[in-house]
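Number of protein chains: 2
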Amino acid sequence: MADTENTQVLVRALPEGQLRVTDFEVTHAAMPVPGDGEVLCQTLAIGIGAGQRAGLQGSASYAGAPTTGIVMGGQAVARVARSNADTFAVGDLVLCASGWQAWSVHKATALTRVPDIDDPAAYVGVLGTNGLTAYFGLLAVGEPRAGDTVVVSAAAGSVGHLVGQIARLHGTRVVGITGSDAKGRRLVEELGFDAFVNHRDAGFRAALKAACPAGIDVYFDNTGGDILGAALFRMNEFGRIVCCGVVSQYDTSSPAPGPKGVPGLLVNKRLRMQGFLVFDYAGRYAQARATMRGWMQAGRLTAWQDEVMGLENAPAGFVDLLAGGNVGTRVVRVTR
Amino acid sequence: MADTENTQVLVRALPEGQLRVTDFEVTHAAMPVPGDGEVLCQTLAIGIGAGQRAGLQGSASYAGAPTTGIVMGGQAVARVARSNADTFAVGDLVLCASGWQAWSVHKATALTRVPDIDDPAAYVGVLGTNGLTAYFGLLAVGEPRAGDTVVVSAAAGSVGHLVGQIARLHGTRVVGITGSDAKGRRLVEELGFDAFVNHRDAGFRAALKAACPAGIDVYFDNTGGDILGAALFRMNEFGRIVCCGVVSQYDTSSPAPGPKGVPGLLVNKRLRMQGFLVFDYAGRYAQARATMRGWMQAGRLTAWQDEVMGLENAPAGFVDLLAGGNVGTRVVRVTR
Chain W
5 MADTENTQVL VRALPEGQLR VTDFEVTHAA MPVPGDGEVL CQTLAIGIGA
55 GQRAGLQGSA SYAGAPTTGI VMGGQAVARV ARSNADTFAV GDLVLCASGW
105 QAWSVHKATA LTRVPDIDDP AAYVGVLGTN GLTAYFGLLA VGEPRAGDTV
155 VVSAAAGSVG HLVGQIARLH GTRVVGITGS DAKGRRLVEE LGFDAFVNHR
205 DAGFRAALKA ACPAGIDVYF DNTGGDILGA ALFRMNEFGR IVCCGVVSQY
255 DTSSPAPGPK GVPGLLVNKR LRMQGFLVFD YAGRYAQARA TMRGWMQAGR
305 LTAWQDEVMG LENAPAGFVD LLAGGNVGTR VVRVTR
Chain E
5 MADTENTQVL VRALPEGQLR VTDFEVTHAA MPVPGDGEVL CQTLAIGIGA
55 GQRAGLQGSA SYAGAPTTGI VMGGQAVARV ARSNADTFAV GDLVLCASGW
105 QAWSVHKATA LTRVPDIDDP AAYVGVLGTN GLTAYFGLLA VGEPRAGDTV
155 VVSAAAGSVG HLVGQIARLH GTRVVGITGS DAKGRRLVEE LGFDAFVNHR
205 DAGFRAALKA ACPAGIDVYF DNTGGDILGA ALFRMNEFGR IVCCGVVSQY
255 DTSSPAPGPK GVPGLLVNKR LRMQGFLVFD YAGRYAQARA TMRGWMQAGR
305 LTAWQDEVMG LENAPAGFVD LLAGGNVGTR VVRVTR
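Chain order of the listed sequences is W and E.
Each residue of the first sequence is one higher than the one before, counting from 5 in this note's numbering.
Each residue of the second sequence is one higher than the one before, counting from 5 in this note's numbering.
Don't read these hints as lab results, they were simulated from the structure.
Among the clues, some could well be false.
No distinction is drawn between identical chains; accordingly, a pair holds when it is met within one copy or between any pair of copies.
[Stated by the list, open to error] Below 30 Å or equal to it, Euclidean Cα-Cα: the simulated DSBU-like pairs (lysine-lysine) are: (1) Lys264 <-> Lys111; (2) Lys264 <-> Lys213; (3) Lys111 <-> Lys213; (4) Lys111 <-> Lys273.
So here's chain W without its partners, still in its complex pose (with noise of 0.2 Å):
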């Protein structure tokens, strides 16, 4: 607790077109001081998603409706530093909506507990709103089943490169779309993909097919737009595509329409396309983050983390994020 002030990233104006970093302003603040009941938190890393920038889009969207001049919204996983409740000790770790600030201030009911692990950003990542996202997505309205051929866009991001890998550990073929061929490989060589498609290719709505022979039996789209459309003319009859995010139409102003073939297909095809908010989900989080730490400790799940170095770069990661720039999950290191 060195600190006298606490550093924090504000929303200085909505994005007009593509988010820049000039939309973000670093500050500093008086420390905060908890009341009673209430918790300080030392922020440690803090999670960055593509999502978040829906929320800063001029209509609300799940993320809330936008406001400029306050500290930007996000989860992270933090240590105690002082405590005014009977529940929580100095030291101990923490989940909380921190928002991107270097310290921040809660009522103990509104954290949740992290288990002192090995690095305990994971709760940012794999065991945090991402890898539940893909898990929840992928099984629980996905509903792969042995022999499938599942197919995941933003394959190599933070929720993608799990949804595939949790569709092989089900028995799946598994392909990723990315926008690199670097992060194909990677997902293929170092994760286990059966195939990725780069949808930046000309070719890529012909090598899509290539790389699903027997058609698409679960679609876990990030991104809705072309690459949507494109997976929906190799969907399966009675295929499941499940709606996660819209990675191609956060960073603009005015949402593409939607994909040809919307709603025909689904008719012909007897498909459904379902959308899903893991927050739903909240009851079963326990059980599926002990689920994937088991997959993890067996060697069988491998989380990425993307690191960024400290709060003043937070923005420069986000704008890069939405560009593509990430592998797994972007995670901002504020302090160890």
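Use these hints to put chain E onto chain W, whose structure you have.
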């Protein structure tokens, strides 16, 4: 069996743009002769559905790839005129894939027996594909719950007018979307719909919102296009969109893109959008027909039949149907 030749309606040309009467041709052919195990059927009444327009588009749909110079497809109630099979006798009523012709020959195994009810033409309407589509689409895919708001498009059509009534029988509030106030009023006054909205009105979106003060829980989509787009924006969280047909896109050579909000709104509102084909429920047809006959006998379900007299008027009846000229199921009455 006074006929000595068979009247047929052929597909002369695949329509370019909107379907025209001149895309068909009425001709005469030799009377067909049944072989071993086959049955000669005299067509009584043929059902016409907007979905058949899809079968005339340039690419294959669930109705199969299109061809010219052949008898236009369609299902009919027919009377057995000659039988070389033990299982059917002269005078029996059957459902058969006659196509648009006065006489047709079928393997006995391809026929479905129709009971000798008051008007067997119901078997190409409320007790045929249309009614079964309404029944299974609404109940098995839409899963309405008492208190839900159910909206159906093409609400005065062959499927729509039944969807609304079946939905009301399940304790829901029902709003029909039609293309004319006259049809809409009939839905409310004669069939008990709670409200209707005319999608041709400039204030359509506002009217839909006003007619659904508690939002939409189940949207039964027969149209796609802008109407789907409007309904999508009024859906409640965890709502279900039943994709049944795409009548707005059938009568064209170049289908429009999908609605804005796919997939973004599906995610934010956790919507399920699901296509289906009634044929997948064939194993449950008998039970559904029995249920619907029960409702009809109790005066709780009214089947609207909209008749065209004579095969030679079938093309005009089809063109008019695609323009929204029908109320209820369009049936071509071929002979009594």
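Quiz prompt | Structure versus earlier hints - violations, ascending order | solution = The structure conflicts with hints 1 and 3, although it agrees with all the remaining ones.
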